[in-house]
Structures are given as structure tokens and as C-alpha cells.
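Trainee: Please build the complex by placing chain B on the supplied structure of chain Y, with the hints as guidance.
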Amino acid sequence: MRLRRRDLHALAGAYALDALDDAERDRFERHLRRCQACQNEVRGFAATATALGLAAAAEPPAGLRERVLAAATVTRQLPPVTATPRWRRALGLSRVSTAGTTRTFGMIPKITTGIAAAALAAVVALTVITISTNNSLHAERARSQAIAAVLAAPDAQIVSGPTTAGGVATVVASHRAGQIVFTSSGLRVLPSSQVYELWFLRPGSARPAGLVPVAVRGSTAPVLASGLKAGDSVGVTVEPAGGTSAPTTTPIVVLEVPV
Amino acid sequence: MCAARPEQEPAERADPDLDKLLTHVAKGDQAAFEAVYDRLASSAYGLIRKVLRNPSQAEEVTQEVLLEVWRTASRFDPARGSAASWVLTIAHRRAIDRVRAEEAATAREQRAADVPVPVDEVAESVEATMDAERLRRCLAGLTELQRESITLAYYGGYTYAQVAALLETALGTIKTRIRDGLTRLRDCLGVS
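These protein sequences, in sequence, are chains Y and B. Residue numbers for the first sequence, in the working numbering: 1 to 259. Residue numbers for the second sequence, in the working numbering: 1 to 192.
The set of hints was computed from the structure by calculation and includes no laboratory data. Please note: incorrect hints may appear among the correct ones.
[To be verified] A partial selection of chain B residues facing chain Y, derived with a Cβ cut-off under 10 Å:
1. Gln-30
2. Ala-44
3. Ala-58
4. Glu-60
5. Leu-66
6. Arg-75
7. Gly-81
8. Leu-88
9. Ala-105
10. Leu-139
11. Thr-151
12. Thr-169
13. Gly-172
14. Lys-175
15. Asp-180
This one's a predicted model, so the numbers in the text were calculated from it and none came from an experiment. Ideal Cβ placement from N, Cα and C applies to all residues, glycine included.
For reference, chain Y alone in the conformation it holds in the complex (with noise of 0.2 Å):
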């Protein structure tokens, strides 16, 4: 059922407190670009609830300073934006993906909010986990300087998408480097029979592309894998511990990584 305008525009409040649903959302959004009083209701809105969220302030756990700083540190920064719609720079909005649906993300410093971003993050905060718990240190800091490099690199794409094992999967892949840079989150817990495995795919071909670790806290560390050629796709499937040479069951999940 569409809304009629007068409608959309009452939406405003909730909006303003993210309580609309993604297509809700969405249609409002198209709206607020082309109503200039509902820019400036929602931006007062949007003041007041911050007053609300400064309101809840509580110390937050010790540690988390630490972590932050140290991520924050293997993290590349976007640039500046120079052409933004006006509506949305007003409201100094970026866009929230949808959680569950695939979605390809052009270049990387394109990529504003939501499950890409935060699989990024998680990725940049596992590396300095890895980095500050592993014992062989040398060789963590080279593979993170890795990961780091592919994350970074200015033709770097991300693709997202769930799976049926449960959970997101996500890649970052640079077709100049050749690398991607794997990781997922919420994939059911396998037996230690079993692993889950990375292949690039293409018509008529599998070629393994490593082993995903067991997941931390429902996230699994990225694995950098070498070896992407233009028109691959990377899959996951689950196969006997120790991996297979060619694929034996059905992936999981497969990505399709934009040329």
C-alpha cells in the first residue's frame, strides 16, 4: 500500500529516531530530498534526540579505549566528499544498507555505513587482535601488513552477502593485488570433522583458495588469498578437516566479485 504524501511526511518523528522500517525508510528518504520543511524538521528532530542519547551516557568498558586508538591506526580514512546531495549533507546522513541482502560496493572509500562497513571493521579489529595475541609476532604483522595492503589498495571492492550456513560472508578483493581478504560472521559452528573452505570459482573451474579459521566469538579472522583472476567468483563450502583439492558439497555462499 503506498502512503500518500501528507503521510510520509508525518513519518518525520520516526525517522528521526531510526524507527522506521528499511522500506519505510527508503521511501521517506526519496521523499526528504525533494521537501526542504521536512530537512529542517528532521534535523531539529535529530538535535532533540541526541539529548535523549546524551542523556544515557555510562562509562564504557576498560579496554575499549586501547582497542579503539589501535585500530584506528590500521584504518584508512575516507576523503572528503565534493559533490553530496545537499539534502543529505544537510541531515549529514549516509546511506544504511540493508542487513541480508548482497550488495557490491564500488570502491572502497565509497562505502559509507552498515554491514559492509562494519565487516571492514570487524576485519581491521580482528588484524589488531591477531597482531597483539599471537606468539609468532613476525609473521602476524607481515600477514596483517597484508590484509592491510588489500583493504587499502585504491581498486579495493567489497561484497557482502548471507549464507545458507547462517551469518554474513564478506570480501574485499583488489584485482591489481590479485588478493582478497575473507571474513564472516554468525556461520554456524561446524564439528572439528569439518571446515569451512574458500575456492575461487569460475565456469567449469574450482581452485582452493585456503581454509577459513574457527570463528572467535562468532567472527572468523580474514584470510588473505592470493591468486584472483578477473571473472572469478569466491565461494565457501564445508568440507573434511584438512580441506579438499576440488570442492564435495554444495557452497554455501558465493560472491561475485566486480571486475
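Mentor: Here is chain B on its own, set in the frame of chain Y:
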């Protein structure tokens, strides 16, 4: 309760120092980012925890949010709103993203078992600062339905349709009560 005339200073007042810090962060200034962390991390964490309830999830989301602040600092424009507003908008959205993702993933019954944030708790947990005191007074100036709708949506993380179901009130009524309530709250707080 609240006079139509705003009081002398807006509760969500602009902080030029904080705004300036963020512009330094956009240029990769780590020290400025540390200062921003020290000023806003507790606000972000507190809000996210209020919505998510689960402290370890809240910690995770707070980390994502603060990293996003670092990554996207160049998108902050002080002419369009305060730094605190920008950061808390991101924080609230990420918390809500998490709520919605989990709702999609888990059985709705589980969440239904959660008791919504009692309205009074909101007012009582507010620290005894002047701004908080004013917010408490302004909240008290709303009708009960306006107040409940706003706090359930914002702190409870419910969509307005879910709020309507929780309060057994028509969808259109909740929609307008949220808007009317926010208008009154905005005028009472004197935010721009």
C-alpha cells in the same frame, strides 16, 4: 509544563572545540581522535548499551561506531549540526542495525520476552546535570503516550509499528504522537 519560550541555552549546545577536533581527525590526527574518544565514547557507549542491553554487544558496536567516526570524519560538517549529534546519530543507527539484524535472525518470541524500558527508568537514570534535569522536565511535559512512544522507539529500539503493537494503539496515532512529542521536546529544550 514547559514554556513555549526556550530557556537561555539549548541542552544540546554546540561545542566549537569538539567540532574543531573532528576536523583535525579528518586529517589523520591521532591525538585529536583520542580527545574525541575521551569526550564522546561514554555518550556513544551508554546510548548503544541502553538500546542493546547486552554489554558485550554494546562494546562491540561502540568500537565499530568509533572506528566509523575515525574513518568518516571528513564527512562531518559543523555547519550542519554538532559533533555530538553526528556521533550519536551514527551510534544510534548502528545499535538499531544490530537490533533489526537480530530480529531477522532470531525468533521474535525471544525479544517479545524482553520487558520494554520502563519510562521512569529513563528519567531516573539521567544524571543530575542541568541538561539532564531540563530533559527530565521537558519529558515530563509530554503526554504519557508521546513520552512512551518516543522512549520506546529511541531507547527501546522499536519501530513505530512495534511501538503501536506494544501500546495497543493505532499505527497512525503513534506516528503523529512521536512527531508531536518531538516537536514539543525540541521547543522545550530549545534545540535548533
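Trainee: A separate judgement is required for each hint: does it hold in the structure or not?
Mentor: Here's how the hints hold up against the structure:
| no. | hint | verdict |
| --- | --- | --- |
| 1 | Gln-30 | 7 Å, holds |
| 2 | Ala-44 | 8 Å, holds |
| 3 | Ala-58 | 9 Å, holds |
| 4 | Glu-60 | 8 Å, holds |
| 5 | Leu-66 | 5 Å, holds |
| 6 | Arg-75 | 6 Å, holds |
| 7 | Gly-81 | 5 Å, holds |
| 8 | Leu-88 | 4 Å, holds |
| 9 | Ala-105 | 7 Å, holds |
| 10 | Leu-139 | 8 Å, holds |
| 11 | Thr-151 | 8 Å, holds |
| 12 | Thr-169 | 14 Å, violated |
| 13 | Gly-172 | 8 Å, holds |
| 14 | Lys-175 | 5 Å, holds |
| 15 | Asp-180 | 8 Å, holds |
Hint 12 from the list above is the single one not met by this structure.
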